[in-house]
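Using full-length UniProt numbering, the final residue of the sequence shown is 278, and nothing's skipped along the way.
Please keep in mind that the hints were generated in silico from the structure rather than gathered at the bench. Quantities reported herein were computed from a predicted structural model and do not represent experimental measurements. Check the hints yourself; a few may be wrong.
What follows is a set of in silico ranges between Cβ atoms, one per label pair, in the way DEER data are often shown [as the list claims (entries may be wrong)]: (1) P234 to A54: 33 to 43 Å; (2) D48 to A173: 18 to 28 Å; (3) D123 to G257: 41 to 51 Å; (4) E23 to A86: 40 to 50 Å.
The C-beta atom is built at its ideal place from N, Cα and C for all residues, glycine as well.
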Amino acid sequence: MILSVSNIAWLPEERLGAYDLMEEAGLSGLEIAPAIFFAGAADPFVPDDAIADAALAEIRARGFSLVSMQALLFGVQGAALFGDAAARAAFERGMTRAIDLAGRFGIPNIVFGSPGQRRIPDDMAPGDALDQAAETFRRLGDRAAASGTVIAVESNPPAYGTNFLNTLEDAEAFVELVSHPAVAVILDLGAMHMNGSFGTVAERAAALAPRLSHVHVSEPNLAPAPDDATDLAPVLAGLRAGGYGRAVSIEMKRHEGGLATVRDRIAALVRAAEGEGR
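Build out the structure end to end from the sequences listed, making use of the hints.
Take a look at the structure:
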């Protein structure tokens with residue numbers, strides 16, 4: 001598996017220090033929110049060649065690869081998966097621009113979270129919502145396949161403001177309904193914690209592994225992660241036993257501790273990957 005970190009853990013001006021920490025720890029993957037990675041661009045989803053080349057040169061010099069992208073609908077106004085025709089069109093345009101960016105830079109995975117843009121209205125039947133969303137994601141899956149990427153469907157607990165695909169089981173069932181090779185499931189450990197189901201992950205990990213396109217090592221509300229390497233170690237061992245070879249990425253908001261916190265959490269991830277505890 002590829003150990004990685006999402007760049008939402010630091011400010012754009014802290015990136016070189018963060019890259020140094022990743023390199024020192026032996027990590028090789030970087031997950032990006034485009035607005036942070038291409039911070040100088042007028043539109044981070046369409047960065048000009050000079051800005052893109054500079055950002056990529058910084059990570060290539062350290063041997064990193066881009067493993068995933070998140071914050072796909074950043075800056076998109078009025079987008080809603082279950083809105084009126086204009087809102088649905090804005091949603092699909094926003095997702096398409098993210099898919100195209102992934103294709104441009106060879107990013108193999110993009111994470112569909114966006115809880116605020118996927119809330120089912122009170123007057124829509126859940127079954128109708130599933131069918132409408134599946135139709136949309138089949139079209140997006142075609143675009144993703146042509147771009148060489150996979151859309152990872154993330155479960156978001158109700159506390160994040162959505163009522164659609166709240167659990168891992170919901171996300172698995174939706175991906176099965178969509179039935180598209182470029183639409184897969186992400187295992188988000190923070191969601192598992194919030195849903196009270198983290199205790200089941202280690203025993204399920206090997207069976208889940210073949211169906212996953214990405215893993216987020218996260219905590220509730222994107223607190224510093226992983227909190228406990230001892231708890232994470234059997235999860236990573238199970239994924240490895242199931243043949244999972246894609247990215248395992250720390251996902252955490254920037255903490256007031258700055259890069260010192262990033263250093264500590266990277267060390268915890270490495271210990272967990274090595275089967276060790278705190």
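Evaluated hints:
1. P234 to A54: 33 to 43 Å: holds, 41 Å
2. D48 to A173: 18 to 28 Å: For D48 and A173 the Cβ distance comes to about 41 Å; the hint is violated.
3. D123 to G257: 41 to 51 Å: holds, 45 Å
4. E23 to A86: 40 to 50 Å: holds, 45 Å
The structure does not agree with numbered hint 2 stated previously, though it agrees with all others.
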